[in-house]
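Required output: the full structure, derived from the provided sequences and hints.
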Amino acid sequence: MVAPAAAPRVREVVEPAVAGAGLLLEGLEVAGAGARTVVRVVVDLTDGDEAELDLDRIGEVTQAVSDALDATDVLPGAYTLEVSSPGVDRPLTQPRHWRRAVGRKVTLVRGDGTAVTGRLSDVGAGGEPEVVVVPVTDPGKGRRPKELPPVAVPWADVRSGRVEVDLSGVGTGDDDVETEG
1 MVAPAAAPRV REVVEPAVAG AGLLLEGLEV AGAGARTVVR VVVDLTDGDE AELDLDRIGE
61 VTQAVSDALD ATDVLPGAYT LEVSSPGVDR PLTQPRHWRR AVGRKVTLVR GDGTAVTGRL
121 SDVGAGGEPE VVVVPVTDPG KGRRPKELPP VAVPWADVRS GRVEVDLSGV GTGDDDVETE
181 G
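Under the working numbering, the first residue of the sequence shown carries the number 1, and numbering increases by one thereafter.
None of these hints come from the bench; they were simulated from the model. It is possible that some hints are incorrect.
In silico EDC-like pairs for lysine to aspartate or glutamate, Cα to Cα no more than 16 angstroms straight-line [stated by the list, open to error]:
id: 1; residue 1: Lys105; residue 2: Glu147
id: 2; residue 1: Lys105; residue 2: Asp54
id: 3; residue 1: Lys105; residue 2: Asp89
id: 4; residue 1: Lys105; residue 2: Asp49
id: 5; residue 1: Lys105; residue 2: Glu82
id: 6; residue 1: Lys105; residue 2: Asp166
Given the structure is predicted, the values throughout are model-derived calculations rather than measurements.
Below you can see the structure in the form of structure tokens.
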């Protein structure tokens, strides 16, 4: 078993393999599991990548990481490699996370603790972007939801955010939502 202190050395091997596959290393954990070592790798798309992070890409990067680890002595003995994407429930902590969520329902918590839930409409460019959320009312059964005026929040005032799983289909087409003006 390898100690978690080996994580920096493992990162030195894993990060170039992930980058070579055109992805970004989002997270890395090295943990013991009995006599084996478990290496958990979380990968994500780079900021400009519009492709899907599907099972084929996960399989390709898994092979690249496995080959890179096997070519070094950073993990002596047997290990288990787990490679995944962050998933829909990951917190939105970086501007690139927010950009990938444009068009989806999100909950944004401001620095003062107030929350805004609605469709993520825009994320400005630059290091300190503005995040724009369009709140959507929940009028109840049989009534159409309505979009309220957009709420723009400076990046410095964004405390946290999360994509909300929305199975209602709201926001997928202009026919579903009335706009208040």
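Consistency of the hints with the structure:
Between Lys105 and Glu147, the direct Cα distance comes to roughly 12 angstroms. Compliance with the 16 angstroms bound is thereby established for this hinted pair. Proposed proximity of Lys105 and Asp54 is contradicted: the alpha carbons are some 21 angstroms apart, above 16 angstroms. Distance check on the hinted pair: Lys105 and Asp89 sit about 12 angstroms apart at the alpha-carbon level, within 16 angstroms; holds. Among the hinted pairs, Lys105 with Asp49 is inconsistent with the structure: their alpha-carbon atoms are about 21 angstroms apart, more than 16 angstroms.
Of the supplied pair hints, the one linking Lys105 and Glu82 is violated, its CA atoms being roughly 29 angstroms apart against a limit of 16 angstroms. Restraint check: the Cα-Cα separation between Lys105 and Asp166 comes to about 7 angstroms, which is no more than 16 angstroms; the hinted pair holds.
Hint violations for this structure: numbers 2, 4, 5, all remaining hints satisfied.
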